[in-house]
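Q: For reference, the chains in residue letters:
There are 2 protein chains.
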Amino acid sequence: MRARDLAEPFPAVSLDDQALDAARLLAEHRLPGVLVVDDAGRPRAILPASQLVRLLVPGYIIEDPSLAAVIDEAHADRLCEELVGVSVGECLPRDAPEPAVAAADDTAVEVAALMARTRSPLVAVVERPAARRDGSGGELLGVITASHLLHRLLGNA
Amino acid sequence: MRARDLAEPFPAVSLDDQALDAARLLAEHRLPGVLVVDDAGRPRAILPASQLVRLLVPGYIIEDPSLAAVIDEAHADRLCEELVGVSVGECLPRDAPEPAVAAADDTAVEVAALMARTRSPLVAVVERPAARRDGSGGELLGVITASHLLHRLLGNA
Chain A
1 MRARDLAEPF
11 PAVSLDDQAL
21 DAARLLAEHR
31 LPGVLVVDDA
41 GRPRAILPAS
51 QLVRLLVPGY
61 IIEDPSLAAV
71 IDEAHADRLC
81 EELVGVSVGE
91 CLPRDAPEPA
101 VAAADDTAVE
111 VAALMARTRS
121 PLVAVVERPA
131 ARRDGSGGEL
141 LGVITASHLL
151 HRLLGNA
Chain B
1 MRARDLAEPF
11 PAVSLDDQAL
21 DAARLLAEHR
31 LPGVLVVDDA
41 GRPRAILPAS
51 QLVRLLVPGY
61 IIEDPSLAAV
71 IDEAHADRLC
81 EELVGVSVGE
91 CLPRDAPEPA
101 VAAADDTAVE
111 VAALMARTRS
121 PLVAVVERPA
131 ARRDGSGGEL
141 LGVITASHLL
151 HRLLGNA
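Sequence order for the protein chains is A and B. End of the first sequence = 157 in the working numbering, gap-free, step of one. End of the second sequence = 157 in the working numbering, gap-free, step of one.
Derived by calculation from the structure, the hints in this document are not laboratory data. Just so it is clear, the structure is predicted and the values come from calculations on it, not from any experiment. Each hint should be verified, as a subset may be incorrect.
[Unchecked claim] Chain A is faced by these chain B residues, among others (derived, beta-carbon under 7 Å):
1. A23
2. L26
3. L56
4. I62
5. P65
6. A108
7. L154
For every residue, glycine included, the Cβ atom is placed at its ideal position computed from N, Cα and C.
Sequences are here, hints too, so could you generate the full structure?
A: In structure tokens, the structure reads:
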């Protein structure tokens, strides 16, 4: 069982995509996060749904939660307007870690070890052609979530 | 729109449940984590799927990833045996944060602010009867995920 056999399709957005579209993607698929790829299609970051929620909430409310209770429903309905015109790249937290990346030929145990070491709930799987001289990652094949890996490992138990 | 209207059912396990059953629950529902409740049904922690994966991987492999490649398929199939006889309580990381908890009457903006402040992808919603003298939380009504909150907020946009 290799990483390429474990990889599943997963929604990805690019750094230039609109944050509002990323939010719709997360909302529609009920995902905890979306993979962000650069112009070359290489995994760059995970944008968590909680980060997008964070952008909706005015800073003074995060500082003083008691103010949240006094915002009325009409204003709440307009919260998502905060995302209009904002790109995915602008939404990423500065300390957003690079996503964990496995090579297509890695074994299930190598993927599990990578997940364990990085404490990441998601590993991106890339084809890594040996011919690439710059050492950069290759084509994105999909991702392996921790729950999917458990599913496959339990299926063999 | 109040927290009670946003709350959805979510699988929960107790501290005494078997870790293997928690893993099966996560795998079956493809969830990134499961809510852990105490004997009184109060939210105590989130057990992430990545933490269960971490328990499957022998410590010497986490220390030295190159060893992962030499483990054969037959051994990989037995990894999940590591979870046999282990309770959920024993699996929780020592630094597992308490889950973010909202009261049933909190507004959507209060829930968003709580999620933003705690950077939590999941907020547990509890009935919090004022009559409780010990200040402890009440009955668990469900949870609100960041993607579900985005879904509801976008639905009104």
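Q: Of the hints stated earlier, which fail here?
A: none
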